[in-house]
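The lines below spell out each chain.
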Amino acid sequence: MKKVRLKDLAYARSGDKGDVSNIGLMAFNKENYEIIKREVTPEKVKEHFKGMVKGDVKIYEMPNLDSLEIVLYNALGGGATRTLRLDQTGKSMGQALLWMEVEV
Amino acid sequence: MKKVRIGSGSAYWGDMLDPAVELVKNGDIGYIGFDHLAELTMALLQRAKTKDPATGYIPDIIPWMKAILPTCAEKGITVISNGGGANPEAGGDEVVKLAKELNLTGLKVGVVVGDDIFGKLDEMRAKGIKFKNMDTGEEDINRIRDKIVAANAYIGADSIIEALQEGAKVIVAGRVSDNALYVGPLMYEFGWSFNNPDWDLIGAAITVGHIIECAECCTGGMSNMWKVAPRLWDIGFPIAEVYENGDAIITKTPDSGGLVNQWTIKEHLIYEVHDPSNYLMPDGIADFTALKLEEIGKDQVRVTNMKGKQRPSELKVCIGYRDGFIGEGQVFFPWPDAYEKAKKGAETVRERLKKVNLDAEELRIDYIGVNTLHGEVAPEPTSELNEVGLRVVAKTKTKEEAEKVRREVTHLWTIGSVGSSFGVPLPIRPVVSLWPTLVPREEVPTRAIIKEVR
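As you go down the protein sequences, you meet chains A and B in turn. Count the first sequence with this note's numbering and you get residues 33 to 136, in order. Count the second sequence with this note's numbering and you get residues 4 to 457, in order.
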């Protein structure tokens, strides 16, 4: 089984609402969408972010856009206005997810 | 089929003015929306208003209106802004004054109020509303009551529609949702109503509003298309051409920079959304999981099959409260052994902070160039780094404690390794934390006040 980073399968963009970070993971094509749908699970995402995500991870499927909406709770150090993170609004969280290795 | 062309003129307070001017001049639009408010902005504006009751609106709205109103009046473009912030009436008065200077006699300015519930909190608590924290689950605002600086509901399009019906060509609102700036005019133009609602059509308006509400963020800004997006310095703001059957074409100012393609639209559809089949807005719930995107020409994406559901019975309220201070310092280390020097510096600061008995709620240390953004996800560097920054930051209850952090980091200038470079001093920041909650819609009546330029 070959392993690749998500960077080679999809685009990502992330934003915030309070202490919740959300990542849209947009597969380059239908084939890649099937892979990310299978491989990117809440458990794996939580493990990938190690201590950074304190709460739950939820993943919603958007087959019409070949995309996943990944929601990370308690993930931004309390939210943009009070966090100690330099990236207060979690814009880099999506790019951080792209490090993840998955089986293809 | 009737269509309406609506543009988006800003993504945040401080955005560029020139693309908005280009949009009203060359975009062939009937409406332009301006979002100026972020979660923290209301607290900052409320604080300004407490100091001076004539302020509290977004000061930018005056130069912005000055730059666009003559063109908008000539072309019949209606301007809808939430730049009224914490004081839409004062903002509206200033806009009327400006319009008079511009000889726009007869122009009607609508002011939308009702979102500000700061003065009603105790009355609402007496009725049994507890303001349970949506994020933490904390049941009651008792703990923070004395520290609250602002409380605003995200209101919907109702009073924007009311103002348009009364002939307003400029609307200055408080904390209406960004989305309502677009839903309002679309519902008004097509005669879509909350009294006899077609929720799929309202869902389409919400979806279109969501796509364009952050202006350049759907035309190649903040984008995965950064390598190929042309002339970002000339970026065009978006235009939605919306049809009365609820379909839309997203494009941008002609001959501008940036681009619109399926990726720039997808990027914004997935942006700051939680459950994409239940995107909750004050005006309805949009479902983004059935819609279809098609690239139909250069910088043109058609969006069809948008869906919606009934609007929620509760409105989101954002309460801001004073919550201590943040103290921060940064020092930079050059090759050779930059990373090792930074680590040694971190150890030295930690020990100094112990020595001065820092009382912090939280302390964070980042290595700039290594893990500041990706934290624990970032792998250790595999080759020697040219330079590394050390960032030490703490949250404290008092300003004095925050000041200790700033001071102790500066001591690395003299007790750190050879080559330790100072950077620039960072001021202590007061913290306003946010408490998101829900209140029954009927507790937040809104209205439109019409002011005519005479």
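Simulated from the structure, these hints should not be mistaken for lab results. These figures come from a predicted structure and were not determined experimentally. In this text, a Cβ means the ideal position worked out from N, Cα and C, and glycines have one as well. One should not assume that every hint holds.
[Said to hold, decoys possible] Quick look at which bits of chain B chain A covers, simulated, 3 or more residues with Cβ under 8 Å:
| # | stretch |
| --- | --- |
| 1 | 104–117 |
| 2 | 392–398 |
| 3 | 429–439 |
Hint-by-hint comparison with the structure:
Interface restraint, the stretch 104–117 of chain B with chain A: violated (0 residues with C-beta to C-beta distance below 8 Å; minimum three). Taking a C-beta to C-beta cut-off of 8 Å, the stretch 392–398 of chain B contributes 4 residues in contact with chain A, enough for the three needed, and the coverage statement holds. Counting residues of the stretch 429–439 of chain B whose CB lies closer than 8 Å to any CB of chain A gives 5, which reaches the minimum of 3, so the coverage claim holds.
Comparing the model with each earlier hint shows a violation of hint 1 alone; every other hint is respected.
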